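Undergrad: All chains should be built: construct the whole structure from the sequences, respecting the hints.
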Amino acid sequence: MKPENENLEELFGKFLNENDARKAAEDITQGEKLLNEYPAPKPEAALLLSIQARINNKLRQTKKHRSISIGYWSTATAAAVLIIGFISITLLNRTQHPQITDRPAFAVSLETEDDFLQDDYELLLLAAQLQDIEDEFMAVQSGLNGYYSNIADELEIELLEINSDFWKG
Amino acid sequence: MAEINDLARIIDGCKNGNSESFEKLLSLYSGKLYGYFFRLTNNRSVSDDLLSELFVKLVEKIKFYRGGNFDAWIFKIASNIFNDYLRAKQRDKRLGTRLDDLDLDQIKTPEKETSPDTTDKIQTILETLDSDTRELVMLRFYGQLSFKELAELRREPIGTVLSKVHRGLKTIRQMLE
Numbered sequence: 003m004k005p006e007n008e009n010l011e012e013l014f015g016k017f018l019n020e021n022d023a024r025k026a027a028e029d030i031t032q033g034e035k036l037l038n039e040y041p042a043p044k045p046e047a048a049l050l051l052s053i054q055a056r057i058n059n060k061l062r063q064t065k066k067h068r069s070i071s072i073g074y075w076s077t078a079t080a081a082a083v084l085i086i087g088f089i090s091i092t093l094l095n096r097t098q099h100p101q102i103t104d105r106p107a108f109a110v111s112l113e114t115e116d117d118f119l120q121d122d123y124e125l126l127l128l129a130a131q132l133q134d135i136e137d138e139f140m141a142v143q144s145g146l147n148g149y150y151s152n153i154a155d156e157l158e159i160e161l162l163e164i165n166s167d168f169w170k171g
Numbered sequence: 037m038a039e040i041n042d043l044a045r046i047i048d049g050c051k052n053g054n055s056e057s058f059e060k061l062l063s064l065y066s067g068k069l070y071g072y073f074f075r076l077t078n079n080r081s082v083s084d085d086l087l088s089e090l091f092v093k094l095v096e097k098i099k100f101y102r103g104g105n106f107d108a109w110i111f112k113i114a115s116n117i118f119n120d121y122l123r124a125k126q127r128d129k130r131l132g133t134r135l136d137d138l139d140l141d142q143i144k145t146p147e148k149e150t151s152p153d154t155t156d157k158i159q160t161i162l163e164t165l166d167s168d169t170r171e172l173v174m175l176r177f178y179g180q181l182s183f184k185e186l187a188e189l190r191r192e193p194i195g196t197v198l199s200k201v202h203r204g205l206k207t208i209r210q211m212l213e
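Chains as they are written, first to last, in my numbering: chain D, 3 to 171; chain V, 37 to 213.
These are computed hints drawn from the structure, not numbers from a lab. Heads up, some of the hints might be wrong.
Straight-line alpha carbon distances no greater than 35 Å define the calculated DSBU-like cross-link-like pairs of lysine-lysine that follow [what the hints assert, rightly or not]: (1) Lys206/V to Lys66/D; (2) Lys184/V to Lys125/V; (3) Lys206/V to Lys60/D; (4) Lys129/V to Lys51/V; (5) Lys35/D to Lys93/V; (6) Lys16/D to Lys129/V; (7) Lys68/V to Lys157/V; (8) Lys99/V to Lys60/D; (9) Lys65/D to Lys51/V.
Quantities reported herein were computed from a predicted structural model and do not represent experimental measurements.
TA: Below you can see the structure in the form of structure tokens.
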């Protein structure tokens with residue numbers, strides 16, 4: 003609200019009696035009228051030109067500062083995007099091709115399982131060889147004469163050796 | 037209404053960093069603000085500095101204006117600048133006093149205050165008022181602020197503001213008539 007639209011009497015009436023409120027309002031109006039009659043000096047044209055130059059300078063600085071800030075933000079954002087992208091790709095690759103680094107329990111058990119399979123295979127191979135030798139031995143023993151008796155002994159010895167090697171590990 | 041719309045356009049232009057809008061704002065408000073500073077300092081050189089400081093600050097501060105009475109807003113900034121100036125002056129005075137006490141004449145700060153520029157009647161009467169009352173009277177007169185706006189700006193009860201301005205203007209009236 004502008005001062006000219008104020009009801010001064012009403013305003014003073016909240017604090018003073020009607021007569022004093024009217025006098026106070028009159029003091030305000032007349033006092034302001036007197037201030038109008040004695041105007042203060044105006045700023046000189048040179049001052050206004052100087053202020054305008056300073057404003058323009060400040061505006062240029064602000065714009066420069068703003069563009070530098072935008073530059074910094076863009077660079078920082080681009081760097082952040084690159085870092086996040088790199089981390090995401092790395093994590094994704096790890097998920098697709100897991101690498102055991104700390105050898106957790108389940109990994110050790112898998113490894114042990116692989117070893118057992120390998121051992122089973124070797125055992126089967128050995129059993130087959132033993133079976134071959136045994137067959138050969140049985141064939142030699144069943145009705146063959148002294149020429150083959152030496153061979154039978156050799157085969158038996160070989161069989162015993164293989165057997166004992168196997169149980170030795 | 038047209039004036040309000042014009043002012044709103046000028047303020048928008050200032051917010052967008054338009055130099056011409058600042059020029060218009062300067063031409064609209066420099067007279068009132070200069071009068072306010074001059075009546076409080078009675079010194080053209082200081083008033084020049086304070087007016088310059090205000091408009092340079094305005095370049096950054098204008099973006100914080102969120103509507104309402106622009107005159108009240110800009111005079112609030114002017115009041116802050118004037119009070120900062122007063123505090124700095126008091127600091128200088130205190131420093132000067134301490135140096136006097138130490139009797140270090142050779143490093144005394146030079147007297148900052150220059151002699152008053154005018155001796156018009158109003159200025160002489162204003163000098164007799166206490167600084168608080170003087171500032172309130174000037175804020176009302178040059179800022180064209182209502183008592184409610186003055187009370188809000190100074191964070192004082194409206195009754196206190198009414199009483200101070202009334203006392204100040206009554207003194208001016210009595211001494212001039």
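Undergrad: A separate judgement is required for each hint: does it hold in the structure or not?
TA: Checked hints:
1. Lys206/V to Lys66/D: violated (52 Å)
2. Lys184/V to Lys125/V: holds (30 Å)
3. Lys206/V to Lys60/D: Measuring from Cα to Cα gives roughly 43 Å; hence the hint is violated.
4. Lys129/V to Lys51/V: violated (39 Å)
5. Lys35/D to Lys93/V: Within the cut-off at roughly 32 Å; holds.
6. Lys16/D to Lys129/V: violated (42 Å)
7. Lys68/V to Lys157/V: Holds, at about 19 Å.
8. Lys99/V to Lys60/D: The given pair, whose Cα atoms are some 14 Å apart, holds under the 35 Å limit.
9. Lys65/D to Lys51/V: OK: lysine 65/D and lysine 51/V at ~12 Å, within 35 Å.
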